[in-house]
Amino acid sequence: MIIRILGEGQFRLDGKHLEKLNRIDNEIVGHVSKGNKAEFRKDIAKLIAIIKEEGEPLDPVEIVPSDIIIPPGDMSITEAKKIFCGEGLIKG
Amino acid sequence: MGFLDRVSTVVQAKMNKIMDKIEDPRETLDLSYEKQLQLLQNVKRGVAEVTTSKKRIELQKAKLQASIDKLDSQAKEALAANREDLARKALENKAGLQSQFASMDQQIADLNDQQQKLIAAESRLAAKVESFRTKKETIKAQYSAAEAQVKVTESVTGISEEMADVGMAVQRAEEKTDNMKARSAALDELLESGTLTDFSGDDELGRELAKAKAQSSVDDELAKMKAEMKK
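Sequences listed follow chains A and B, in order. Going by the working numbering, the first sequence opens with residue 6, and the numbers climb by one from there. Going by the working numbering, the second sequence opens with residue 498, and the numbers climb by one from there.
Everything labelled a hint here was simulated from the structure, so no lab data went into it. All of these numbers come straight from a predicted model, not from anything done at the bench. Don't be surprised by glycine CBs; every beta carbon is placed ideally from N, CA and C. There could be a bad hint or two in this list.
As the list claims (entries may be wrong) - Under the rule of at most 25 Å between Cα atoms (straight-line distance), these lysine-lysine pairs were calculated in the DSS-like manner:
no., chain 1, residue 1, chain 2, residue 2
1, B, K673, A, K86
2, B, K710, A, K87
3, B, K591, A, K47
4, A, K86, B, K514
5, B, K710, B, K591
6, B, K514, B, K648
Unchecked claim - Selected chain B positions facing chain A (Cβ under 7 Å, derived; list incomplete):
no., residue
7, F500
8, I616
9, A624
10, S628
11, R630
12, T631
13, D662
14, A666
This is chain A alone, in the form it adopts within the complex:
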């Protein structure tokens, strides 16, 4: 599958990692709703680390849509809350 880390480009990752990513994703939902800043950052970093360690960067000349999009590593929990409120990553 193709995964994009926002701000860092696309990676090709074996589908066997999907379950792990989903598990972390669910935990992130909990951290955002509880406002748990430290755990939120830790899990976003964990997601990014899995993709970078297990995946291969996609050749930039390839033009393909991604299956999963991961937020940038420096996303704050305030920005994450806005995403849940439907306000988006960046206004406009």
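Guided by the hints, dock chain B onto chain A, whose structure is given.
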């Protein structure tokens, strides 16, 4: 709905704004390409802006360091002239500057990180744009309007995602540099208003220190004269 699905929704919304609904797929290709070139220019501007901000903070850091050094030597001079009150004042000001100084390294590191990311994004986008251009010409040459539709949708969607990503990265970088600009403008104001400035010029501490030094040299001279007259 998971968090990552939400993130995708946000990116999708951005992509929809980038992609125009146009009947003729060939026109879609050309329009998308034009937008890609515009975005490339934007990224270049973004990189330049981050670089300027970084230089500005580095300059300000050097200026702060000079002020800190000066206050330090002024504190020593004040002590030598037996004016502990002035020395205390100089050291208090120095402490104020030092707390500002500490946060600057972090700001410079953040900007450096932004700069590196944007430069990498620019080169990824440039590679994709070039590849899109080739693809676009092939599609235009080889397919009829009806056949081209699928190919066009595929490549326009793919590149629009990249464009949404890069667009957001530029905006995030701009927001960060705006924040830092505001902070560094505030610091400039502090430095200029004299609250944190160096005290060698026409300011209060400088004047007091000069007076104290003059006083102690007068005292020295008086003592010398008295000693000579006793002879």
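Cross-check of the supplied hints:
Restraint check for B/K673 and A/K86: satisfied, since their Cα atoms lie roughly 19 Å apart, inside the 25 Å limit. Distance hint between B/K710 and A/K87 is unfulfilled; the C-alpha atoms sit about 60 Å from each other, more than 25 Å. Taking the CA atoms of B/K591 and A/K47, the gap is near 37 Å; set against the 25 Å cutoff, the hint is violated. Distance hint between A/K86 and B/K514 is fulfilled; the C-alpha atoms sit about 22 Å from each other, no more than 25 Å.
For the hint pairing B/K710 with B/K591, the CA-to-CA distance comes to about 21 Å; that is within 25 Å, so the pair holds. A threshold of 25 Å between alpha carbons decides the hint, and for B/K514 with B/K648 the separation of about 20 Å falls inside it, so the pair holds. Among the interface hints, the one on B/F500 holds; its C-beta lies about 4 Å from the nearest C-beta in chain A, closer than the 7 Å criterion. A cut of 7 Å between beta carbons decides the hint on B/I616: the least distance to chain A is about 12 Å, and the hint is violated.
Annotation: interface hint on B/A624 holds; nearest CB of chain A at approximately 4 Å, less than 7 Å. The beta carbon of B/S628 is positioned within 7 Å of a beta carbon in chain A (closest approach about 4 Å), and the interface hint is therefore held. Restraint check, B/R630 versus chain A: the minimum CB separation of about 11 Å is more than 7 Å; hint violated. Given hint, B/T631 at the interface with chain A, is violated; its Cβ is 9 Å from that chain's nearest Cβ, farther than 7 Å.
Nearest Cβ of chain A to the Cβ of B/D662: about 5 Å, under the 7 Å cut. The hint holds. With its C-beta approaching chain A no nearer than about 4 Å, B/A666 sits inside the 7 Å limit, and its interface hint holds.
When each numbered hint is compared with the structure, violations occur for hints 2, 3, 8, 11, 12.
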